Amino acid sequence: PPPSRRGLALVDPSYEVKTEYAQVVDAVADALQRFATGTVAVWYPRLARRESETLPARLIRLNPQNWLHVALDVRARMPDGLFGSGMVVLNPPWTLPDTLRPVMPYLKARLAFDDGAATTLDWQIA
42 PPPSRRGLAL VDPSYEVKTE YAQVVDAVAD ALQRFATGTV AVWYPRLARR ESETLPARLI
102 RLNPQNWLHV ALDVRARMPD GLFGSGMVVL NPPWTLPDTL RPVMPYLKAR LAFDDGAATT
162 LDWQIA
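End of the sequence shown = 167 in my numbering, gap-free, step of one.
Hints listed in this document are in silico derivations from the structure and should not be mistaken for laboratory results.
Check the hints yourself; a few may be wrong.
To be verified - What follows is a set of in silico ranges between Cβ atoms, one per label pair, in the way DEER data are often shown: (1) Pro-138 <-> Ala-117: 21 to 29 Å; (2) Ser-126 <-> Asp-156: 16 to 24 Å; (3) Ala-98 <-> Gly-157: 17 to 25 Å; (4) Asp-121 <-> Thr-95: 38 to 46 Å; (5) Asp-139 <-> Leu-51: 17 to 25 Å; (6) Glu-94 <-> Asp-139: 26 to 34 Å; (7) Met-145 <-> Met-119: 26 to 34 Å.
Every value quoted in this text rests on a predicted model; they were computed, and no experiment measured them.
We put the CB at the ideal spot given by N, CA and C, even for glycine.
Using the sequences and the accompanying hints, generate a full structural model.
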């Protein structure tokens, strides 16, 4: 870890192999052990796939007192293919929810492909 107590790690794997979801959880757990005060942001695809659907909760369990989950679905959920993107941020800046609150509806309105577009913004910040 850096000498400063601040830092950001952005995790953006391809997720082309299903095992990458578990590898991401393991890597983030290791990163938090090494740098407990660091901010870790993990991007994930919104897919109708169990691994994609359970990833946010698995990451949040690593740091249940200090997290933010944000997602943007640009279309209705589809059985195949990408319908949105999400990000879980562990140890987020305390200002992040207030920053994202007005941004997410704006993005939804501008990027929606159909009436199934939606946003998610949940957090627990200690």
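Hint check results:
no. : hint                            : in the structure
1   : Pro-138 <-> Ala-117: 21 to 29 Å : holds, 26 Å
2   : Ser-126 <-> Asp-156: 16 to 24 Å : holds, 19 Å
3   : Ala-98 <-> Gly-157: 17 to 25 Å  : holds, 22 Å
4   : Asp-121 <-> Thr-95: 38 to 46 Å  : violated, 18 Å
5   : Asp-139 <-> Leu-51: 17 to 25 Å  : holds, 21 Å
6   : Glu-94 <-> Asp-139: 26 to 34 Å  : holds, 27 Å
7   : Met-145 <-> Met-119: 26 to 34 Å : violated, 21 Å
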